[in-house]
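Visitor: Each chain, letter by letter, is given below.
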Amino acid sequence: MVTEAVTTMDPAGLKAIGAGLAVGLTGIASALAEKDIGSAAIGAMAENESLFGKGLILTVIPETIVIFGLVVALLIR
Amino acid sequence: MLDVKQMSRAVIVGHKSIFEETVDALHKANLFQIEDFNEDGSGLHIGRPFEKIDEVSKKLIKIRSIASLLGVKDVESKRKDAESSVLSNLDATLDKLDAELDVKTEQKSKLEAELKELDSLKKELLPFANISLDLDLYRGYEHLAVFAGNVKEDVGDAVSKITSAYEMFYDAKEGTVVLFVSKDKATEVADVLAGSGYRELRIPAASGVPSESLKGVISKESGLQEQIESIDAEIESLKDKYADFILASNEILSMEAQKSEAPLRVATSDSTFMIDGWVPAEDFSELERIVKEATNGRAFVSKQEMTKADEKIVPIEYNNSKIASPFQEIMDLYARPVYKELDPTFLIFISFPLFYGMILGDIGYALILLAMALGIKKMISSEAIKPLMNILIYCQISTLIFGVLYGEFLGFSLASLHTEHETISGLIPGFETINLFASPVGDEMITFPIHRTHLVMTMIIATALIGFIHINIGYLLGFINENKKHGMSAAIFEKGSWFVIEIGLLIAVLGYVAVLPSIATIAGVVVFLIGFVMLLKGEGIKGPIELPSLLSNSLSYTRIIAVGLSSIYIASTVNLIAFEMIWEPGTPVGVATIGAIIVFLFGHSLNTVLSIIAPGLHSLRLQYVEFFGKFYEGGGRKYDPFGYIRKYTEE
Numbered sequence: 001m002v003t004e005a006v007t008t009m010d011p012a013g014l015k016a017i018g019a020g021l022a023v024g025l026t027g028i029a030s031a032l033a034e035k036d037i038g039s040a041a042i043g044a045m046a047e048n049e050s051l052f053g054k055g056l057i058l059t060v061i062p063e064t065i066v067i068f069g070l071v072v073a074l075l076i077r
Numbered sequence: 001m002l003d004v005k006q007m008s009r010a011v012i013v014g015h016k017s018i019f020e021e022t023v024d025a026l027h028k029a030n031l032f033q034i035e036d037f038n039e040d041g042s043g044l045h046i047g048r049p050f051e052k053i054d055e056v057s058k059k060l061i062k063i064r065s066i067a068s069l070l071g072v073k074d075v076e077s078k079r080k081d082a083e084s085s086v087l088s089n090l091d092a093t094l095d096k097l098d099a100e101l102d103v104k105t106e107q108k109s110k111l112e113a114e115l116k117e118l119d120s121l122k123k124e125l126l127p128f129a130n131i132s133l134d135l136d137l138y139r140g141y142e143h144l145a146v147f148a149g150n151v152k153e154d155v156g157d158a159v160s161k162i163t164s165a166y167e168m169f170y171d172a173k174e175g176t177v178v179l180f181v182s183k184d185k186a187t188e189v190a191d192v193l194a195g196s197g198y199r200e201l202r203i204p205a206a207s208g209v210p211s212e213s214l215k216g217v218i219s220k221e222s223g224l225q226e227q228i229e230s231i232d233a234e235i236e237s238l239k240d241k242y243a244d245f246i247l248a249s250n251e252i253l254s255m256e257a258q259k260s261e262a263p264l265r266v267a268t269s270d271s272t273f274m275i276d277g278w279v280p281a282e283d284f285s286e287l288e289r290i291v292k293e294a295t296n297g298r299a300f301v302s303k304q305e306m307t308k309a310d311e312k313i314v315p316i317e318y319n320n321s322k323i324a325s326p327f328q329e330i331m332d333l334y335a336r337p338v339y340k341e342l343d344p345t346f347l348i349f350i351s352f353p354l355f356y357g358m359i360l361g362d363i364g365y366a367l368i369l370l371a372m373a374l375g376i377k378k379m380i381s382s383e384a385i386k387p388l389m390n391i392l393i394y395c396q397i398s399t400l401i402f403g404v405l406y407g408e409f410l411g412f413s414l415a416s417l418h419t420e421h422e423t424i425s426g427l428i429p430g431f432e433t434i435n436l437f438a439s440p441v442g443d444e445m446i447t448f449p450i451h452r453t454h455l456v457m458t459m460i461i462a463t464a465l466i467g468f469i470h471i472n473i474g475y476l477l478g479f480i481n482e483n484k485k486h487g488m489s490a491a492i493f494e495k496g497s498w499f500v501i502e503i504g505l506l507i508a509v510l511g512y513v514a515v516l517p518s519i520a521t522i523a524g525v526v527v528f529l530i531g532f533v534m535l536l537k538g539e540g541i542k543g544p545i546e547l548p549s550l551l552s553n554s555l556s557y558t559r560i561i562a563v564g565l566s567s568i569y570i571a572s573t574v575n576l577i578a579f580e581m582i583w584e585p586g587t588p589v590g591v592a593t594i595g596a597i598i599v600f601l602f603g604h605s606l607n608t609v610l611s612i613i614a615p616g617l618h619s620l621r622l623q624y625v626e627f628f629g630k631f632y633e634g635g636g637r638k639y640d641p642f643g644y645i646r647k648y649t650e651e
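So the sequences go chain by chain: A and B. With full-length UniProt numbering as the guide, the letters of the first sequence map in order to residues 1 to 77. With full-length UniProt numbering as the guide, the letters of the second sequence map in order to residues 1 to 651.
Treat each hint with caution, since some may be false.
What the hints assert, rightly or not - Dumping the calculated SDA-like pairs for lysine to any residue here, alpha-carbon to alpha-carbon at most 25 Å:
1. A/K54 x B/A614
2. B/K386 x A/A19
3. B/K638 x A/A46
4. A/K54 x B/Q328
5. A/K54 x B/V75
6. A/K54 x B/I613
7. B/K386 x A/F52
8. B/K386 x B/V75
9. B/K5 x A/S50
In short, the hints are calculated from the structure, not lab data.
Use the sequences and the hints to build the structure in full.
Guide: Right under this line is the structure:
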């Protein structure tokens with residue numbers, strides 16, 4: 001008799017992959033957005049140091065993307 | 001509490017004969033910010049500096065150049081000299097110091113020049129060091145040509161083919177060759193040498209055997225070095241002796257210069273002066289009294305009506321209690337408020353540490369950072385560092401409170417928790433988690449202490465709700481600001497419309513989920529539409545575009561739990577690696593124990609640094625982006641009164 005090996009995937013594994021993708025991809029997205037803003041903000045600060053506060057705010061605006069990713073990952077768990 | 005200091009515009013007028021007395025009094029009072037005068041064709045002119053300015057600035061340049069030469073640093077002085085005693089012997093001491101320093105620097109530069117000469121001689125001597133031939137023998141021949149230089153290989157064989165009448169010294173290590181041949185063979189020999197990469201060296205201008213001269217040069221050099229060092233030490237002792245004098249006289253002269261230059265900012269006519277500027281409203285009578293007293297009532301101080309144009313240029317002075325004042329730094333980092341605007345420093349004083357504590361919430365880190373902040377504050381008495389450390393201390397107090405609430409210590413849970421699937425043992429034996437009540441969301445149980453890792457859904461909803469409240473406080477402040485600046489109707493349309501929209505949405509949703517009768521859904525939509533139209537009228541097309549931000553801004557506050565959880569996971573991973581993977585408590589103590597402790601210390605010091613940056617930045621961002629965006633404009637000018645805060649002298 002031939003027995004067929006049945007492989008099933010543990011749903012927990014898929015969940016973990018999903019959570020990983022949520023954090024990882026949003027992290028990359030935030031990084032891409034922040035790198036441009038960050039370098040521009042530093043450039044502006046070199047001209048006028050009092051722009052530090054505004055530069056900081058503009059730089060961390062895309063951070064929300066990865067925070068949402070993190071929240072989604074927590075919800076998937 | 002939420003207002004900046006009230007300011008008054010004041011004008012001081014008097015005869016030029018009392019100009020100096022008036023400026024002196026204003027400078028001493030340190031209350032009045034002079035508004036620079038621009039010539040505008042009204043017949044008034046910018047004043048001329050007081051006569052003593054030439055002398056003062058000459059001395060000031062001298063003292064500053066001495067200070068930079070000696071490297072006198074701006075430090076906290078232990079003692080304060082009386083101004084009169086510094087002034088009385090300023091000229092004499094300054095001349096004496098200048099003369100002493102001149103002698104020293106001259107000596108030093110002379111020695112340094114000698115040292116340089118010796119150094120170049122040394123460089124010339126070095127290639128000849130291994131050739132023990134007296135340097136006098138290198139020159140003064142009639143029939144001999146002397147070649148001294150570098151070659152790449154031994155040229156003895158090649159030269160011997162041309163002539164046998166030669167004498168050669170060769171140092172294979174340095175590649176130096178010294179060759180004596182008769183003059184008639186010189187050109188041929190030169191060709192041979194050129195083939196071996198010959199480069200001529202200058203024959204050192206010394207006598208005796210090179211190695212001996214080299215020794216002499218080196219010993220002379222070290223002697224000179226010692227002399228220079230002793231002069232440096234003398235200069236250093238001059239610095240120690242005169243540092244206080246330099247700092248004190250620099251301060252006094254700077255003040256004098258500031259006063260002497262004041263007329264350049266003031267309107268004058270042939271015989272009168274008119275100083276225009278700002279004074280805090282509460283200090284106006286004080287200013288009046290000071291000026292009257294200094295001039296025997298001959299100068300007049302009058303309060304001016306503040307015009308609309310004035311409101312844009314009023315200098316801004318914060319008006320906060322001492323406890324909340326460190327947070328003015330956070331405000332300045334963004335922008336100072338403008339005159340007719342609420343100063344949110346006090347609200348930041350509450351919400352910034354609150355969010356910071358909610359994110360970090362760990363007793364261990366709170367204690368470490370608290371000790372660190374207190375230590376730094378005690379050690380460094382810099383005015384720039386102090387407010388930052390105070391902010392850190394406030395944040396750690398909040399972190400400590402939330403740490404107790406969350407029951408966390410360096411990533412360990414203090415209380416033990418029993419869930420359906422697992423039992424997590426706590427750090428304190430016998431401390432059991434108490435179930436309080438079931439959370440309305442996510443099938444979770446609210447407990448004490450709150451286990452954030454097991455209450456993710458509840459915490460996400462809770463933080464978003466906190467965000468919603470925070471944003472609405474922002475809209476409320478925006479309403480007040482708008483009312484102050486542009487009147488009630490603008491406030492209602494621009495900021496009030498948001499409340500109408502929120503109420504509409506709330507009624508509609510409650511109707512939809514059948515908490516309220518279904519007619520409420522329609523009513524809610526109607527209210528929402530009213531709000532929408534109001535917003536459109538108030539903000540234009542920009543309003544509806546910002547509508548989704550109501551949701552995204554609230555969700556942004558979920559970072560409070562998200563960043564907090566990431567911090568817990570880092571800490572507990574460090575604990576897991578140290579005390580389960582490397583060494584488990586209870587097993588024999590050995591090398592692994594040391595490894596575990598190293599990992600534990602390293603991991604947690606890393607996370608401590610992250611514990612300042614991550615919660616700090618995120619908490620700051622919630623203030624700046626989500627909160628300030630709703631009401632704050634900023635861009636005010638700093639109140640910087642005419643005067644000087646003495647550090648090294650007293651009257």
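Visitor: Look at each hint and say if it fits the structure.
Guide: Here's how the hints hold up against the structure:
1. The suggested pairing of A/K54 with B/A614 holds, with an alpha-carbon distance near 18 Å, which does not exceed 25 Å.
2. The suggested pairing of B/K386 with A/A19 is violated, with an alpha-carbon distance near 42 Å, which exceeds 25 Å.
3. Straight-line distance between C-alpha atoms of B/K638 and A/A46 comes to about 22 Å, which keeps the hinted pair within the 25 Å bound.
4. Proposed proximity of A/K54 and B/Q328 is supported: the alpha carbons are some 16 Å apart, at most 25 Å.
5. A threshold of 25 Å between alpha carbons decides the hint, and for A/K54 with B/V75 the separation of about 32 Å lies outside it, so the pair is violated.
6. Only pairs whose Cα atoms come within 25 Å are accepted, and A/K54 paired with B/I613 is accepted, the gap being roughly 17 Å.
7. Restraint check for B/K386 and A/F52: the C-alpha separation of about 19 Å stays at or below 25 Å, so the hint holds.
8. Taking the CA atoms of B/K386 and B/V75, the gap is about 16 Å. The hint holds against a cut of 25 Å.
9. For a cut-off of 25 Å, the pair hint linking B/K5 to A/S50 stands: about 23 Å separates their Cα positions.
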